[in-house]
Amino acid sequence: MSHPSGPPAWTWIPAAGGAFFLGVPLVAMGLSTEWSDFWGLITSESSKAALILSIKTALASTIVCLILGVPLALVLSRTQSKLLASFRPLLLLPLVLPPVVGGMALLATFGRRGLLGQQLETLGISVAFSTIAVVMAQVFVSLPFLVLTLEGSLRSAGKRYEEIAATLGASPSTVLFRVTLPLVLPGLAAGGILSFARALGEFGATITFAGSLQGITRTMPLEIYLQREVDPNSAIALSMLLVVLAAVVMYTVHRSQGSKV
Amino acid sequence: MKKIAIFFIAAFALLLGACSSDTDNKADEPQKEVTLTVFAAASLTDTYTELGKKFEDANPGVTVTFNFAGSSDLVAQIQDGAPADVFASADVKNMDKAVEADLVDGEPVLFATNMLQIATPPDNPAKIATFADLAKPDVKLVICAPQVPCGNATQVVAESANVTLSPVSEEQSVTDVLGKVRSGEADAGLVYVTDFAGAGDEVLGIEFPESSAQVNEYPIVALKGSDNSDVAKAFVEFVTSPDAQAVFAAAGFGQP
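Those sequence lines, one after another, are chains P and S.
Read the first sequence against this note's numbering and you will find it ends at 261, with the numbers running on by one and no gaps.
Read the second sequence against this note's numbering and you will find it ends at 517, with the numbers running on by one and no gaps.
Relax, there's no trap hidden among the hints.
Cβ-Cβ distance ranges computed for the label pairs, FRET-style: (1) P/F87 - S/A393: 46 to 54 angstroms; (2) S/D341 - P/V75: 50 to 58 angstroms; (3) S/A393 - P/K56: 28 to 36 angstroms; (4) S/E317 - P/A246: 44 to 52 angstroms; (5) S/P398 - P/L59: 26 to 34 angstroms.
FYI, nobody ran anything at the bench for these hints, they're computed from the structure.
All values reported here derive from a predicted model rather than from experimental measurement.
We put the CB at the ideal spot given by N, CA and C, even for glycine.
Chain S extracted, bound-state conformation:
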């Protein structure tokens, strides 16, 4: 973005020097208004909203709008012709779908990772300490259904840890799992590290080493259908910058 800024200043200076008589009009002319539409996985809602504001501040004239939803829904929408400039997925699988459908402009770049963590009510009624504790008979465990990405991750972790989980409920999404733990209905749930950010002290997070068996990687890419290819690519670059990485780290995301 710096380059563009320098270009503007240089152009302005040239204009000033060349024809100082009619520069007043040119100076008042607003910069080109650009609206950048970013399709991003639901788990990025907080971080991307913050990054969007930072990007707008750094690039006057640019407005960033978001569409947050499940990654598979987003790919389907882009395929159906939804106007999007940038796509940030919560997993490589859905990004691959976008690449195969020839929707992307450039190579997808990884910008964050996420892992599963055990969530319990603050008083940890079932006294969960390890991943294996989740399989104890009296524990009311809630996980994501294997059909959705977080449930798929749960399955991979359980298999690699050789633990057979018998949940009382398989929920549709990670927020549903967290909801059941927050309300105290469930003794424990498996959610992503970053999901704890919004829950405050209503849930207790318990790390477990087995979670490293399934690290979710978040890729981002500019899209072919974009009318603002330069700005889209600048946003992708911004998301991988140290500034943005600090935002991700604060939310609990790992470095790719």
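For reference, chain P alone in the conformation it holds in the complex:
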């Protein structure tokens, strides 16, 4: 006698519980949003400034993540060195660290009294309280997302095509741009979008390291946290906007990963 394939029937119960737990809070927030006022709430001067700053900084940090993260993922996935491999967990640590700890670490490095900050200060460069500090905080927390996603794609793509291209006389850079990257393009896109999304939601490291000033360092999550104090309705409206943005991002990742298979 054959059984239907798939998980045992009882798993549906905890699965439904999990889905409820994740879904219901978002629905509840949607219900408590004052939709009649929604447009007015999200287009106030401070909201617009926060939204524009968030998108600008998240785009900038995604570009930095790509420039730094693609080579990092390549090195980590293609190296045989045990020493380099032992650094891997360290590099991915920001993934599991509370962002506020990341902010403290950045402060200890780039702050005015920090390890590198002191030297920068004597050169007349000060990153604290600037938009650059926001981007740095975002890169710190989102880079591991890109590296991890891309590294996985690189490993599963394997080295076969690269080796063949090399035997046919292609230089390492030609192999990279003509063979490796096109092969992992879906993974690259997914990693880029994930790190963009993570940057968009960054809060702890930003408030610790960059401060909070409208149009300069106060991104959407910081604006939401501040609005909570005086105008919870506007905080909820802004939160819904971020939920919609995040939903678009997750949907895009889902599609780009789906097309890979």
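Once you've looked at the hints, dock chain S against the given chain P.
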């Protein structure tokens, strides 16, 4: 509280006299255990923790527990039915909210005041001496955002002093401002006098006369929802007593 103590002693003496045969059991019986829940503004954490211990010492059988948070959060929690016996607010505005919502039992009493002070790193790199110095172009000034009480106070002081502040950051809370000054990121910040207590010599406090334009008053009141109304009122009375006032003065609070 003295009255209650005298009452117990008197009752005990009467029992002793009336029926000396079975008093042993009565004497061993523990006093009524009471847990008093006090909702207090975050800036009162240190002083109230100390006062709570003193109150417990003076009133055997009473345990005082605290919920320290922002005053507006506390009012919201009490409104939502959180079990609280006493509410101590960092400003009159939030106490008024509690009074309007008919949550209080009796009149709120003022027990302490607080004022803004300039905080700088110990070496005072921007050489701040007066309130007007904060507006100098090169000074990295950090203040509270106008949306939160300390930022509101900052705005009032700046307006009355006719000084336009251009901060590099508007923080969420006074502790965030102090953190930026302590780490040396900011040249100066505006915080409450009492916030210096925990910072030791990591920050320098600079008084300025303009701060008197905004004196924060701390009211306390017993709450209607309390099951231990007597103890709650006794605690309110204790907080305004000379003993408690000494604790507040040591922490930098002013007298109401």
